[in-house]
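A.B. asks: Letter by letter, the chains look like this.
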Amino acid sequence: MPEQPQPFDDGRAINHTGAGGGTDLAMDEGESLEKTPGGPEGTGPDRKPRSLWSDAWHDLRRNPIFIISGLIIVFLVIISIWPQLIASGNPLDCDLSKAQEGSQPGHPFGFNGQGCDVYTRTVYGARASVQVGLFATLGVTLLGSVLGGLAGFYGGAWDGFLSRITDVFFAIPVILGGLVLLSVVSNNSVWPVIGFMVLLGWPQLSRIARGSVITVKQNDYVQAARALGASNSRMMLRHITPNALAPVIVVATIALGTYISLEATLSFLGVGLKPPTVSWGIDISSAAAYVRNAPHMLLWPSGALAITVLAFIMLGDAVRDALDPKLR
Amino acid sequence: MAEAILEVRDLHKHYPLTQGIVFKKQVGAVRAVDGVDFDLAAGETLGIVGESGCGKSTVAKMLVNLERPTSGAIRYKGEDISRLSPRALKAVRRNIQMVFQDPYTSLNPRMTVGDIIGEPYEIHPEVAPKGSRRQKVQDLLDVVGLNPEYINRYPHQFSGGQRQRIGIARGLALQPEIIVADEPVSALDVSVQAQVVNLLDNLQTEFSLSYVFIAHDLSIVRHISDRVGVMYLGRIVEIGTDAQIYDHPTHPYTQALLSAVPVPDPEARAHRERIILTGDVPSPANIPSGCRFRTRCWKAQERCTLEVPLLAVPAVFRLTDSPAKHDSACHFAEEKQVVPPEPGADGSDGPDGAGGSGIP
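Read top to bottom, the protein sequences are chains X and V.
In case it helps, the working numbering puts the first sequence at residues 2 to 329.
In case it helps, the working numbering puts the second sequence at residues 2 to 361.
In case anyone wonders, no lab produced these hints; they're calculated from the structure.
Just so you know, even glycine gets a beta-carbon here, dropped at the ideal spot from N, CA and C.
Keep in mind that a hint or two might mislead.
Stated by the list, open to error - Computed cross-link-like contacts, EDC-like style, restricted to lysine to aspartate or glutamate with a CA-CA straight-line distance of at most 20 Å:
1. X:LYS218 <-> V:GLU68
2. V:LYS91 <-> X:ASP221
3. V:LYS78 <-> V:ASP38
4. V:LYS326 <-> V:ASP38
5. X:LYS218 <-> X:ASP160
6. V:LYS131 <-> V:ASP103
7. X:LYS218 <-> V:ASP116
8. V:LYS337 <-> V:ASP322
9. V:LYS25 <-> X:ASP160
10. V:LYS78 <-> V:ASP11
11. X:LYS218 <-> V:ASP103
To be verified - With the Cβ distance kept under 8 Å, some of the chain V side facing chain X (calculated, not the full set):
12. PHE101
13. ASP103
14. SER107
15. PRO110
16. ARG111
17. ARG171
Turn these sequences into a full structure, and let the hints guide you.
C.D. replies: Below you can see the structure in the form of structure tokens.
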């Protein structure tokens, strides 16, 4: 064994022949690499370069579809928290004598079959939809990506078992399952609906997460971490999760829109939310019978629903485009 | 030869082939590595060459414990590292590091260069106290010929050659004694290949590293290696110093491989003989009996079907003083000059390493 030199312990006392022919490879100082000239982050002496996430954010800020859908979603979230900001009335304050009447001063959307103000009910109905959409997506994403991610990482018997369970859940028709499962629930809140969506929705996210983790796991940088002696948790948290997350986020965002429309569908069928909860699905359901006499009763809640679902799906599309390096 | 720092004995890696869904029945095995022996001396470079699928990379993965051998031993300073407890293994990993083939997949795109090169210190905090890590990472960047100010950049901001330098810096971080380089330059441009190979060469003298250098490019292996092993179908068929292998090959497979190397001199090219093998490499799930090369060998006789040739000095050379006296697993080993002798060189060393011109 020859004397092992201690190259790094004496600071700069290293003979730098190791640079080889590489000096000509060295990049020009900074400038050529920064894609954005100027900007607050580009001017400091120790400017921080962008990661892929900030690259994606940079793309998104310039994407009109993202801006429009983002604004709609922010607006929806605000009015679902504080509906009284733009609607002064009470959605349950109804006057049967005004049933099915059209637009009039102070009541721009007219009245529904019970004589309630359609505008107020449409504004208040956003809360149920946003609640169901956000919480169902959160639950589905957490459950699905944790189970699917672990299955993808460890493989073997646990993976096989989970994949078969996933197949079983995929085989359950959503509407039929909703009719059967939700009709026995008497609770009037949004939580049984959210629970049902998580129950039937997690396999979709679990498959995405599993596939994504398996793809990332095979990359050499994960092998390199293992060769360094990294623990499983380090590999999962530092190497796999940040790289496997993008497809999960995209699918979750798009799924959010479909959960909102699924809530409306279930409420329309009478097994989702039930009065006196205010929901677009309930209003659409009760207005459907009078569509020939008073189409406005159907138009406003269903229009709001369509715009909301579209906004979330477009947001998911924009995020996917921004995170896909192949499109860059 | 100096004391062996790494001894590989009868190394096997078999991947089972199974049938059935619920009750898996093993119906055979892909014998990716099937009895590999070699020694690596301290400060030496052992080149391993062979065509795709011959098991080179599997050997590399077993050396750094990314794959567990089916049988056989890998002894680092006398200790079998393939059967260690997780804790003991972590300590050994410090001394054996790997440089990967593809610089585009071997660096985590979500981490900065500083985090990538500094990760070894987080996993082995005893190597560097927290306050000194940034300085050490910058020193490493300097050592591999990158600007230390690039510490906050992300991998996608670098070219392939620069990325490979980052991968090498990560491998050096723990001051290992052995670096296993699995085709470290085959994903790079030819001009950049030379720079990276020369960098590895310089680092070896600077830090007294031992290399296991795996490649399929014979010229690069000759340039960097002290000894060369030729692999075919999961086994080393010939091993010797680079002069013995390149100028005095005795195994027909080595001779065929060497005859395929491009010759930069048109006149010499006209006189040389090309050995063109017929047929494909047999499947590693169904290895021929006897000599595994016999199905494509022009010398094959009945003995080759019955008797497995051992990797040892062939009988014809055993008592001679011939320069071709080295281990070769062939019953009918004989010397055959396939690479035209280099003008002005006696074949003791590869092309000189000045700049990038050395590699044809």
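A.B. asks: Go through the numbered hints given earlier and state which of them the structure violates, listing their numbers in rising order.
C.D. replies: 6
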